[in-house]
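Given the structure of chain A, go ahead and fit chain B onto it with the hints provided.
Number of protein chains: 2
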Amino acid sequence: MTVSYDGSGYSGYQKQGGFRTIQSELERAITEINNNKPVEIYSSGRTDKGVHAINQKIHFDLNMDISLYNLREAINSKIPDDIYVKSIEEVDEDFHARYSVIAKEYIYIINLGEFNPIERNYVYQYNKPLDLVNMERALQYFVGEHDFSSFTKPDDSKKNFVRNIRIVNLKKHDNDKVTITFVGNGFLRYMVRNMVGTIIEVGEGKRKSEDLYDIISSKDRTKAGIMAPACGLYLKDVYY
Amino acid sequence: MTVSYDGSGYSGYQKQGGFRTIQSELERAITEINNNKPVEIYSSGRTDKGVHAINQKIHFDLNMDISLYNLREAINSKIPDDIYVKSIEEVDEDFHARYSVIAKEYIYIINLGEFNPIERNYVYQYNKPLDLVNMERALQYFVGEHDFSSFTKPDDSKKNFVRNIRIVNLKKHDNDKVTITFVGNGFLRYMVRNMVGTIIEVGEGKRKSEDLYDIISSKDRTKAGIMAPACGLYLKDVYY
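Chains A and B, in that order, are what the protein sequence lines are.
Residue numbers for the first sequence follow this note's numbering, so the first one is 2 and each next one is one higher.
Residue numbers for the second sequence follow this note's numbering, so the first one is 2 and each next one is one higher.
Just so you know, the hints here were simulated from the structure itself, not pulled from any lab data.
There could be a bad hint or two in this list.
The list makes no distinction among identical chains, and a pair is therefore deemed to hold if it is satisfied within one copy or across any two copies.
Calculated pairs, DSBU-like style, for lysine-lysine (alpha carbon to alpha carbon, straight line, at most 30 Å) [to be verified]:
1) 87 <-> 207
2) 16 <-> 154
3) 16 <-> 178
4) 129 <-> 237
5) 224 <-> 154
6) 154 <-> 129
7) 87 <-> 129
8) 154 <-> 38
9) 87 <-> 178
10) 178 <-> 79
Bound conformation, chain A alone (with noise of 0.2 Å):
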């Protein structure tokens, strides 16, 4: 299924303890809906707290005589409105919804007019201008296959840190808002948040674009800039 949500109101979607996740809302919904027989749901990965998607895919087994459309309007009415279930489909028995990506989207979001409280939760507020074409330049460093090791957690130490950037794109809106979107092969966590943190630096001039250069090949967190806040992020797409 496609599921867009709003993530300001939950610790991020993965299920942890007592929390408000997106991954506990939807399973309880499923596993009511299942006649209370558990059903666990697998998605594309998690998002962290405050982190928004568009369209995150999830799938889960159900054995059910329900139509699709009934099954989506079932959902829906039992989930809170800040996570809506867009469409579900059938998938072949061998698709995973993390394992099978080829591809994910993700946008972030920074408005460089003035603060704007309305949209507090849903842009990145950095309320100054910002060396765009510095930025630009910047972020081609990250198109390609790279170690990312100096965009994620540190302690992460065991796994692979090699990932593919295909696409970057910066685009300045007439409303003095900026997005940044990424497509790539696979995320590691906090990747994009630290990837714009440092970005944002090289637009402050702090640091010139070429330092991405050695700031990737370093491959060591503390040579990036800061993480960028998870408000300005969203999860839009997932490629299969």
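Below, chain B alone, put in the same frame as chain A:
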């Protein structure tokens, strides 16, 4: 001062009992800054529960040796982040945020596309197509000086219901959203939401655009359509 706020967490602008309101948050902050000597504030008008403001105008008297810059910083540091003082300027003794108003501008935003949980508190989630051509036609009937009794609370029987609407405009955006703009010398309680609700019924084909003539002439609230939800409404500007 010019103030923007996200109305979704408030019981409206106006102070009332123990409820969380915009006025009470601002008065509390300014009173604190004024060494706890009570300060009362006066807005261009109240906004109802759930209604937002982009540029609400508010005046107050403050006898204090503080720069406008520091005053603004101080207020913003003492109010929740869903309210924001954009600017403060000194005004003449005879200026009154409410009585000096020449015109007000409201916008109402409707989403004709699929339900968007991220914007559920900021855009009316109508989520179906509407006949925008007929809606635009119907809107024109509001322009000019009319008695707007059909579009306000029927029990407000002692007031003058004549208002002058100068500009109406309907704009379709690329993203399936529609913005309806109203500029007028004043608006009665619920007037914009009742006008929008009635126009939507034209867009649904339940009423003809020409019906607006009779609805306005009747001065009868029961002849108009239902009230559109608060979340789509923004007080955009106040003109003096």
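To see whether the hints hold, each was checked on the structure:
1. 87 <-> 207: Only across copies: residue 87 and residue 207 sit 28 Å apart there, 42 Å inside one copy, limit 30 Å.
2. 16 <-> 154: For residue 16 and residue 154, only the intra-copy Cα distance (20 Å) is at most 30 Å; the inter-copy one is 47 Å.
3. 16 <-> 178: neither (33 Å within a copy, 34 Å between copies)
4. 129 <-> 237: Both: 26 Å inside a copy, 23 Å across copies.
5. 224 <-> 154: Answer is within: at 13 Å inside a copy they meet the 30 Å cutoff, but 62 Å across does not.
6. 154 <-> 129: Cα proximity of residue 154 and residue 129: one copy only (28 Å, versus 44 Å across).
7. 87 <-> 129: Between copies only: 14 Å across chains, 36 Å inside a chain, cut-off 30 Å.
8. 154 <-> 38: For residue 154 and residue 38, the Cα distance exceeds 30 Å both inside one copy (36 Å) and across copies (50 Å).
9. 87 <-> 178: Both: 27 Å inside a copy, 18 Å across copies.
10. 178 <-> 79: Answer is between; shortest inter-copy Cα gap is 27 Å, intra-copy 35 Å.
This entry does not satisfy hints 3 and 8, going by the numbered hints stated previously.
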